[in-house]
Structures are given as C-alpha cells and as structure tokens.
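Asker: Build the full structure now, drawing on both the sequences and the hints.
If you're matching positions, the sequence shown starts at 23 in the working numbering and goes up one per residue.
By construction, these hints were calculated from the structure, which means they are not laboratory data.
Predicted model, so just to flag it, every value in this text is computed and none were measured.
Check each hint, because a few of them may be wrong.
What the hints assert, rightly or not - Restraint-style ranges between C-beta atoms, simulated for each label pair:
no.	residue 1	residue 2	range
1	Phe51	Lys73	28 to 34 Å
2	Met23	Ile44	24 to 30 Å
3	Asp78	Ala35	15 to 21 Å
4	Pro52	Gly102	31 to 37 Å
5	Glu54	Glu77	17 to 23 Å
6	Glu77	Thr38	15 to 21 Å
7	Glu54	Gly102	33 to 39 Å
8	Pro52	Phe101	17 to 23 Å
To be verified - Think about it this way: if two alpha-carbon atoms lie no more than 35 Å apart in a straight line, the pair counts; the simulated DSBU-like pairs of lysine-lysine are:
no.	residue 1	residue 2
9	Lys68	Lys40
10	Lys40	Lys73
11	Lys73	Lys49
12	Lys49	Lys68
13	Lys68	Lys45
14	Lys45	Lys73
The beta-carbon is built from N, C-alpha and C at its ideal position, and this holds for glycine as well.
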Amino acid sequence: MNVGDVLFAISEAGLTLKASMIKDTLKVFPAENLTPELVAAITEHKAEIIKIMREDEEIRRTGKIRFEWQVFELAREHFGLDDKGSAR
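Answerer: Structure (structure tokens):
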C-alpha cells in the first residue's frame, strides 16, 4: 500500500489525523475506526504522512485533516496529478 492508498483508506474509515508541528507524532482518531491493517499502514507511512500534512497550508495551520477533499488534494499535490488524476 502506498501513501496515497493509506490517505484514501484513512478518509474511507472516517478518521481524523493530527500531526505535531514540532515533534514527529501523529494522532489518529476515533480509535474505534482503526483496523490492525490500517494501523500498520499508517505506522509504515507515518513520516511521509506528517511531511505531506506539514506542506499543506490549511493542515499546517490547523494540524488536522478533517475532510475527504483534503486527502485527495494532498495526494494530487504529492504525486503531481491534475484534477483528473493524470500526471502534470
């Protein structure tokens, strides 16, 4: 699973992420929506998810991914895709 797949799975599970702006910590909630597979995928891609979150202006301001559109926007920006999913 790549980081884009993980971000999509996070969105599908209705999870909210909060990244520290100082430490390399990532909080994911609500815990009851986490599966063991998703925990493993988030752990595997934690550093990259934090990096992506810190690069986004709104996420940098709030420290949270709260909406599905933010996940897709992050994935598009990170992978250099246009609105249709094609490489720019």
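Asker: Could you run down the list of hints and mark each one as holding or not?
Answerer: Do the hints match the structure? See the list:
no.	hint	verdict
1	Phe51 with Lys73: 28 to 34 Å	violated (20 Å)
2	Met23 with Ile44: 24 to 30 Å	holds (28 Å)
3	Asp78 with Ala35: 15 to 21 Å	holds (20 Å)
4	Pro52 with Gly102: 31 to 37 Å	holds (32 Å)
5	Glu54 with Glu77: 17 to 23 Å	violated (29 Å)
6	Glu77 with Thr38: 15 to 21 Å	holds (18 Å)
7	Glu54 with Gly102: 33 to 39 Å	holds (35 Å)
8	Pro52 with Phe101: 17 to 23 Å	violated (28 Å)
9	Lys68 with Lys40	holds (12 Å)
10	Lys40 with Lys73	holds (12 Å)
11	Lys73 with Lys49	holds (14 Å)
12	Lys49 with Lys68	holds (10 Å)
13	Lys68 with Lys45	holds (12 Å)
14	Lys45 with Lys73	holds (11 Å)
In terms of the numbered hints stated before, the structure departs from hints 1, 5, 8, listed from lowest to highest.
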